[in-house]
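Letter by letter, the chains look like this.
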Amino acid sequence: MMNKLRLKGDIFIPLTVIFLACFGIVAVYSASGYVAESDYGNPFYYAIKQGAGVAVGILAMIFTANYDYRNYLGKTKWMYIFGVILLALCFLPFLSVEVYGAKRWINLGFFTLQSSEVAKFCYIFFLAEYFSADTSRARSFKGVIIPLLTGILVCVLIILEPNMSITVCVGLVMLAMLFLAGMKIKHFVLVLLPCVALIPVLIILEPYRLKRLSAFLNPWENPKGEGYQLLQSLYGLGSGGLFGVGLFNSRQKYRFLPFSESDFILSVIGEETGFFGTAVLFGIMVFLIMKGVRTAISSSDFFGYMLSMGITTMYAVQVFVNALVVTGSIPPTGLPLPLISAGNTSIIVFMAAFGVVYNISKVSKTASLDRSLKPFKVKFPFKKGQKPDLTSDLTSDGNGNNNSALT
Amino acid sequence: MAVTLLFLIVIARLFYVEVIASDSLQQKAIDQWTRELPVKAKRGKILSADGKVLAANAPSYAVFVRTRSVKNVDLVAETLSRLFGVDEEDLKQKINKKSTSEITVKRQATRTDILKLSEYDLDGVYYSTDNFRVYPYGDLLCSVLGYTSVDGRGQSGLEKVYDKYLGGIDGEILYEADLVGTDLKGKTPTYTQGVDGLDVVLTVDSEIQLITESALKKVIDEYSPKRASAVVINPQNGKVLAMANLPSYDLNAVPRDDIQTLNKLSRNALVVDSYEPGSTFKIVTALADIEEFLQKNPKAKSLDYVFSSSRYRLVAGGKIKCWSTHANGKHQNQTLSDALNNSCNPCFTDIALSLGKETYYKYIKNLNFGKVTGIDFSGEATGMVLPESAVTEGDLARIAFGQSIAVTPIQLAAAACAAVNGGYYYKPTLVSEIKTSDGKTVEIINNAYSKKAVSSEASKILASYLERVVSEGSGKQCYIEGYKVGGKTGTAQKFEDGKLSQGKYVMSFMGFFPSDNPRYLCLVTVDEPVGGTYGSTVAAPVAGEIFKGIINAKSIEKFE
Numbered sequence: 001m002m003n004k005l006r007l008k009g010d011i012f013i014p015l016t017v018i019f020l021a022c023f024g025i026v027a028v029y030s031a032s033g034y035v036a037e038s039d040y041g042n043p044f045y046y047a048i049k050q051g052a053g054v055a056v057g058i059l060a061m062i063f064t065a066n067y068d069y070r071n072y073l074g075k076t077k078w079m080y081i082f083g084v085i086l087l088a089l090c091f092l093p094f095l096s097v098e099v100y101g102a103k104r105w106i107n108l109g110f111f112t113l114q115s116s117e118v119a120k121f122c123y124i125f126f127l128a129e130y131f132s133a134d135t136s137r138a139r140s141f142k143g144v145i146i147p148l149l150t151g152i153l154v155c156v157l158i159i160l161e162p163n164m165s166i167t168v169c170v171g172l173v174m175l176a177m178l179f180l181a182g183m184k185i186k187h188f189v190l191v192l193l194p195c196v197a198l199i200p201v202l203i204i205l206e207p208y209r210l211k212r213l214s215a216f217l218n219p220w221e222n223p224k225g226e227g228y229q230l231l232q233s234l235y236g237l238g239s240g241g242l243f244g245v246g247l248f249n250s251r252q253k254y255r256f257l258p259f260s261e262s263d264f265i266l267s268v269i270g271e272e273t274g275f276f277g278t279a280v281l282f283g284i285m286v287f288l289i290m291k292g293v294r295t296a297i298s299s300s301d302f303f304g305y306m307l308s309m310g311i312t313t314m315y316a317v318q319v320f321v322n323a324l325v326v327t328g329s330i331p332p333t334g335l336p337l338p339l340i341s342a343g344n345t346s347i348i349v350f351m352a353a354f355g356v357v358y359n360i361s362k363v364s365k366t367a368s369l370d371r372s373l374k375p376f377k378v379k380f381p382f383k384k385g386q387k388p389d390l391t392s393d394l395t396s397d398g399n400g401n402n403n404s405a406l407t
Numbered sequence: 001m002a003v004t005l006l007f008l009i010v011i012a013r014l015f016y017v018e019v020i021a022s023d024s025l026q027q028k029a030i031d032q033w034t035r036e037l038p039v040k041a042k043r044g045k046i047l048s049a050d051g052k053v054l055a056a057n058a059p060s061y062a063v064f065v066r067t068r069s070v071k072n073v074d075l076v077a078e079t080l081s082r083l084f085g086v087d088e089e090d091l092k093q094k095i096n097k098k099s100t101s102e103i104t105v106k107r108q109a110t111r112t113d114i115l116k117l118s119e120y121d122l123d124g125v126y127y128s129t130d131n132f133r134v135y136p137y138g139d140l141l142c143s144v145l146g147y148t149s150v151d152g153r154g155q156s157g158l159e160k161v162y163d164k165y166l167g168g169i170d171g172e173i174l175y176e177a178d179l180v181g182t183d184l185k186g187k188t189p190t191y192t193q194g195v196d197g198l199d200v201v202l203t204v205d206s207e208i209q210l211i212t213e214s215a216l217k218k219v220i221d222e223y224s225p226k227r228a229s230a231v232v233i234n235p236q237n238g239k240v241l242a243m244a245n246l247p248s249y250d251l252n253a254v255p256r257d258d259i260q261t262l263n264k265l266s267r268n269a270l271v272v273d274s275y276e277p278g279s280t281f282k283i284v285t286a287l288a289d290i291e292e293f294l295q296k297n298p299k300a301k302s303l304d305y306v307f308s309s310s311r312y313r314l315v316a317g318g319k320i321k322c323w324s325t326h327a328n329g330k331h332q333n334q335t336l337s338d339a340l341n342n343s344c345n346p347c348f349t350d351i352a353l354s355l356g357k358e359t360y361y362k363y364i365k366n367l368n369f370g371k372v373t374g375i376d377f378s379g380e381a382t383g384m385v386l387p388e389s390a391v392t393e394g395d396l397a398r399i400a401f402g403q404s405i406a407v408t409p410i411q412l413a414a415a416a417c418a419a420v421n422g423g424y425y426y427k428p429t430l431v432s433e434i435k436t437s438d439g440k441t442v443e444i445i446n447n448a449y450s451k452k453a454v455s456s457e458a459s460k461i462l463a464s465y466l467e468r469v470v471s472e473g474s475g476k477q478c479y480i481e482g483y484k485v486g487g488k489t490g491t492a493q494k495f496e497d498g499k500l501s502q503g504k505y506v507m508s509f510m511g512f513f514p515s516d517n518p519r520y521l522c523l524v525t526v527d528e529p530v531g532g533t534y535g536s537t538v539a540a541p542v543a544g545e546i547f548k549g550i551i552n553a554k555s556i557e558k559f560e
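First to last, the protein sequences are chains A and B. When you number the first sequence by our numbering, it's gap-free, plus one each residue, and the end is 407. When you number the second sequence by our numbering, it's gap-free, plus one each residue, and the end is 560.
Worth flagging that the hints you see were computed from the coordinates, not collected in a lab. Some clues are possibly wrong.
Lysine-lysine pairs mimicking DSS-like chemistry, simulated, CA-CA at most 30 Å apart [to be verified]:
no.	chain 1	residue 1	chain 2	residue 2
1	A	49	B	187
2	B	296	A	224
3	B	97	A	224
Using the sequences and the hints given, assemble the complete structure.
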């Protein structure tokens with residue numbers, strides 16, 4: 001029943017991903033070289049680790065790029081369960097790795113796995129199938145209860161680690177997918193309100209978050225304490241100027257900027273390459289986001305649409321949240337810059353995920369070439385002009401925007 | 001689209017942080033990127049008026065350890081403990097703990113030690129030049145010179161007052177370092193040259209200072225007072241030629257561990273302490289009378305007026321009496337000059353009451369009592385003068401012979417200078433010149449008289465009366481054959497807890513010579529001597545000894 005992947009997909013997706021990941025190795029080397037040399041006696045310590053991650057990531061991407069994404073159908077609930085188990089394993093004393101008081105990793109002996117990085121994609125897969133299996137689910141409140149409960153379970157497990165940033169990302173992606181699946185606006189608001197209300201509760205629950213919030217409002221108040229990280233990040237960016245101090249010449253990486261190779265790598269990139277460098281980098285990242293969105297829109301089925309949208313949204317949310325944190329635009333929270341920051345689980349999972357997106361782009365092109373192939377009954381909750389030529393299958397009239405289309 | 005909007009927001013924000021706010025952020029960042037090692041500026045010398053070095057520097061070094069840069073902790077700890085006698089285990093612990101990024105191992109290390117140290121070329125060990133103050137004369141002028149802190153800043157005395165000249169501007173070596181102070185490899189440190197401190201030339205003459213201190217030592221040996229002090233001033237310009245408070249201490253071995261002893265010994269009582277002057281203050285009353293008489297004030301006693309010979313005066317219901325019994329023909333039929341000779345209290349009471357407080361207070365103010373003299377020394381006391389409006393007849397009757405008033409010795413000496421030098425009041429000074437280390441003058445401290453206190457005539461008459469006090473009156477112990485010496489004794493009971501304390505006296509003597517053109521004026525105070533009862537027997541000989549010493553040292557010819 002499945003059509004063959006004859007044509008190439010959007011080759012810019014894997015090329016951009018590999019380019020960013022390789023640039024990430026250079027950036028990680030530059031940001032961590034000094035600390036790595038004095039702590040491990042090898043300036044390439046983090047760079048080699050990251051390089052290994054990228055290598056595995058490329059292999060994973062080659063696999064996912066060639067593995068027909070439709071084969072995931074039927075397996076996604078197991079993927080979800082796998083993700084939840086991974087999250088739960090973080091709390092097992094003999095497996096968990098605790099860093100800075102947070103239990104976010106599982107020790108696999110040769111590799112420490114960050115569960116939430118895997119689990120968040122498992123949840124995206126699960127949602128994509130759930131909604132594509134029966135598109136009417138999104139329109140009733142009953143239909144969104146399972147996505148909400150499964151999403152909340154993932155969020156609760158991640159917040160218990162604790163890891164507020166990833167929790168917020170998963171929450172945002174969940175809301176985005178509910179919205180994209182065509183949830184009714186009043187239901188959407190009904191879900192959105194408690195989520196928004198939860199933010200102050202989460203902040204009050206952990207005193208350090210309140211301190212971070214006040215440090216964000218006035219970092220100069222306590223430049224050696226809570227405001228330190230943000231100020232150091234701004235010092236780095238500010239020292240960059242228009243064109244930067246030159247690659248590898250960052251001064252902030254000499255232990256002044258904590259997490260310079262991971263969550264705050266953008267600050268080091270900004271210091272070394274200046275506004276020009278960061279703007280170009282951002283352009284490339286947005287280009288990748290656009291490619292992901294395009295793939296979703298032109299995908300041949302709703303599963304591909306939801307999957308591509310979910311992965312791209314996850315990437316976009318992390319990119320923007322990270323950039324806003326590093327530039328001091330929103331309160332600081334620890335979130336890696338995907339595809340760039342040091343962190344093996346993250347790089348492998350994101351590369352594999354973009355392999356899936358590439359695979360979706362292949363199928364859609366094939367499908368659009370041969371319109372007789374209609375593998376799924378799908379419903380596209382967006383404007384007429386934007387969707388592929390599959391409207392004949394839609395049960396709705398296909399008019400109006402993606403909200404009114406389903407009412 | 002949302003992505004485009006967010007993209008623009010991030011780009012705008014990046015532009016703001018990286019380009020617009022760049023300068024201010026970078027400035028703050030640069031501050032944290034470097035660590036500086038101070039290069040101590042060489043502290044200026046303190047020289048006496050006759051060119052003797054009173055305070056100088058020995059070449060010295062400070063040794064530091066940067067905990068993060070140490071590679072071989074054992075070797076560093078072992079070597080430093082061997083070279084500088086620091087505790088090896090303690091140092092090892094400190095280096096390993098890394099709680100401070102920099103440990104000062106040794107200050108004032110010698111050059112030989114540093115040469116030895118540099119042979120080892122230890123990682124994380126640094127040294128820089130330091131100041132090690134030496135005082136070639138030990139305890140000479142100690143309460144005036146003061147001392148410096150371990151890090152070479154003036155802490156007391158002239159070392160503190162003139163610190164801004166002496167101290168210079170420290171240079172520094174800037175090292176590029178990481179957050180915890182580890183130096184970065186391949187970066188050359190930047191060296192900023194310091195500016196050496198300036199030399200300070202005192203008005204104090206080392207010979208006269210030595211003479212003064214040895215004279216005071218004798219009175220300490222003989223009477224074991226709490227303290228004996230003396231100041232010698234040139235009445236022609238207010239320059240302090242000697243200033244001494246004994247007992248003293250060795251400036252090269254400041255008793256820093258015993259704060260109480262240090263405070264006591266380093267106290268320049270001549271400037272910072274007030275006392276009840278007693279009879280030496282009678283020169284003010286005498287001067288007031290002479291001046292008012294010359295100005296034909298009918299309330300003034302004429303110079304040949306004969307005072308009542310009674311021992312008592314009844315003032316405002318109280319009895320004022322003379323220290324002398326007036327028996328056996330003493331203190332009979334005295335003129336003003338006789339009254340000064342005998343230091344007869346009632347005569348001065350008569351003058352003050354006759355002039356009235358308004359006229360009398362004019363002289364207290366003209367001679368600057370109740371206010372600091374402005375001498376270049378910190379912590380100067382103002383003394384205590386009852387406000388004119390609050391002074392009763394009884395107070396005025398006592399102020400006339402130096403009670404119910406408190407002065408600092410430097411106030412009294414400066415006033416006495418004006419009283420005998422023709423009426424010119426000078427602010428006393430200790431420093432005459434600021435020079436560079438190679439002898440170029442930077443600043444000369446000029447000392448023009450600040451005001452004319454009394455007429456030259458009145459001053460001349462008073463000086464001649466005081467000469468007579470020494471040649472035939474109570475100041476005979478200061479008489480020097482062939483020289484015109486003037487003076488006035490003083491004995492005052494000490495006030496303790498607001499009461500006159502029995503048996504505790506401050507003996508004093510103010511002397512000057514040559515009396516017709518005074519060049520040297522000396523005020524000696526002896527606090528609580530054991531055995532002597534009068535300023536004439538305890539303090540006057542000290543002044544006599546000082547003057548004889550000066551005559552010898554400066555080869556001053558006899559008058560006749």
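> Are the Cα positions of residue 49 of chain A and residue 187 of chain B separated by 30 Å at most?
Replying inline: holds, 29 Å
> Can the restraint linking residue 296 of chain B and residue 224 of chain A be considered satisfied, given a maximum Cα separation of 30 Å?
Replying inline: Violated: residue 296 of chain B and residue 224 of chain A sit about 77 Å apart, past 30 Å.
>> Can you confirm whether the C-alpha distance between residue 97 of chain B and residue 224 of chain A stays at or below 30 Å?
In response: holds, 20 Å
In this structure, the one hint that does not hold is number 2.
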